[in-house]
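Here the protein sequences come in this chain order: A and B.
Going left to right, the first sequence walks through residues 1 to 204 as our numbering numbers them.
Going left to right, the second sequence walks through residues 1 to 413 as our numbering numbers them.
Only true hints are included.
The list that follows gives simulated cross-link-like pairs (lysine-lysine, DSSO-like), each with its CA atoms no further than 27 Å apart:
hint, chain 1, residue 1, chain 2, residue 2
1, B, K106, A, K141
2, B, K312, B, K364
3, B, K299, B, K255
4, A, K141, B, K71
5, B, K106, A, K76
6, B, K71, B, K312
7, B, K253, B, K229
8, A, K10, B, K255
9, B, K387, B, K57
10, B, K364, B, K311
11, B, K255, A, K76
12, B, K56, B, K387
13, B, K253, A, K76
14, B, K106, B, K312
15, A, K76, B, K229
16, B, K299, B, K106
17, B, K253, B, K106
18, B, K364, A, K141
19, A, K76, B, K262
Simulated coverage check for chain A against chain B, where a stretch passes if three residues somewhere in it have a Cβ under 8 Å from a Cβ of chain B:
hint, stretch
20, 48 to 62
21, 75 to 89
22, 124 to 137
No lab work stands behind these hints, which were simulated from the structure alone.
For every residue, glycine included, the Cβ atom is placed at its ideal position computed from N, Cα and C.
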Amino acid sequence: MAESDFALLKERFEYLTERESADHCAVNCPAEKLVELCTALRDEFDYDMLVDVTAVDWDAQSPRFTGIYHFLSTSKHEYLRVAADCPDDINPTLPSLCELFAAANWHERETYDLMGIRYEGHPNLRRILMWDEYPYHPLRKDFPLAGIETPLPAADVAEQTGATVIAAPMMGGPFVSSGDGPMSQTEPRARDESWTEKKEKPTN
Amino acid sequence: MATTTKEFTIADASKRSAEIESEAPGETMAINIGPSHPTTHGVLRLMMELDGDVIKKCEPVLGYLHRGDEKIAENMTYNQFVPYTDRLDYLAPLANNVAYAMAVEKLAHLEVPERCESIRVLCCELARASSHLLGIGVYGMDAGAWTVFMYTFTEREKLYTLFEELTGARFTTSYTRIGGVARDIPEGWLGRVLEFCNGVLPVLDQVDKLLTRNRIFMDRTQGVGTISKEDAIAYGITGPNLRACGVDLDLRKDKPYLGYEKYDFEVPVGTTGDCYDRYLMRAEEVRQSVSIIRQVIDKFPEGPYYAEEAKKIFAPPKAKILSSMEELIQNFMIVTEGPQIPPGEVYFEAENPKGALGFFIVSKGGGVPYRLKIRGPSFCNLSILDKLIPGHYLTDITVILGSLDFVMGECDR
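Using the sequences plus the hints, can you model the full thing?
What follows is the structure, encoded as structure tokens:
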């Protein structure tokens, strides 16, 4: 099923390449062709529901960010994954799909909020889960699990109490083995060691 | 000084109303509902602009329950994340557990034995019944019908006793493991599930009598909060809310998993997509769930309840660990390094009570996901609010929110 789908798409859009996938059909698409592809997907290939928009941060690799879109056809009952690499690693941008799918609005706001990808043409690209003034994009790989100290969202409370949002206490956090190497070196450790028996709890 | 009273006549009143009408229109009022308000069923906040009683603009504000589950998932092994899935749609934790385990198993190309599938189907359907029973109850309450809640909540309580017997916890079940479930079903449990099934149907009939033809309830819900078919698809609405709009999409039927194709059940589909239809969907879905549960129990398969050949994924039961060297090592490896999942990308959606709960997992191999994205159905279902609510009266808010039956736990994640 998935192969024939890809063949059909490839015939129409030469720039597509097949993406490795453990399940349904998946394609790589250049960012600048994304809107063209998705318009055709919706109007000609019956992929009428955009179920999910997200992104992956590949850390040290380049391109660093890949936008991932999942489509579902409500008539054929098939999924399709479209991946588009962000051309710029420092200021990642992708074209917005809000014009085509109303569902993209909140999904793109969320991806912008947590991953820091700017969607060009989005009517209201604001943070959705974190508060508006929050300075970081927490799902990026360089953001620590414990968090970073930031000012309180409520300025009046912050002024009166001097409180800030502090890094979470990680003592007893998830213990995970890194997995590669001999057992003696890969004993399970807390992933984030900003507060352990050996290191004082961060004060603020 | 004597007080004098001016007598108002009808003429005065009509003169005054003429004065008011000539006043410049456009004076609007801003009103906030939530984040802590009984109507919002959690911590949703609606910023609205009102003209009189009519809502002109509505802006939902989310994130009050944001825990960063996706970040947490990247920092722990696959099995360690199971308890976090309880807290997504916390009204149907069992269904979340199953959906998550299935997503990871799909990535590992792992098939679970039939008995495990049957247990999981039972989990999903019981969770659906529990979620919908509460959904109908509080929906009735939102519309002013308190009695319904008492009936449905009693039934839900019986379900929670069953969950406790099965998983050890009423609420935070954490029942599945990658490659199986935590333990086999207790003795006599299936019989007690059947007892529940027999008991819940009369209660549904009671609810039917109390609500379905209730003039007040109908007046408050019919024609209110109507979502069109096209809008529902464009906004990515799923679950009963989508089917109420007349779109026949149920992943259990259309993308069968867990052997749902073996069971005979109907998918209720609405016609108008208003608040009343959404109520009808849930009531009927509980009946269908009961029918599925009976079919599962009817031919409940024997055999193992976990994938025995998956030695690098499922930690063997305690009795085996304590008596055999190989199993002890296997358990140690899985606990410390996590289930070994091959590299790849997978997206799996399950038909949960609230809609399609999706997990997108990127693995680079090993016991920890590289990236895990959760697609919360409530998040998508709520995204239509800013289009749906304007034009309605302020009093309709309770009914519309109640009919959408959302959970902020999976919306904010």
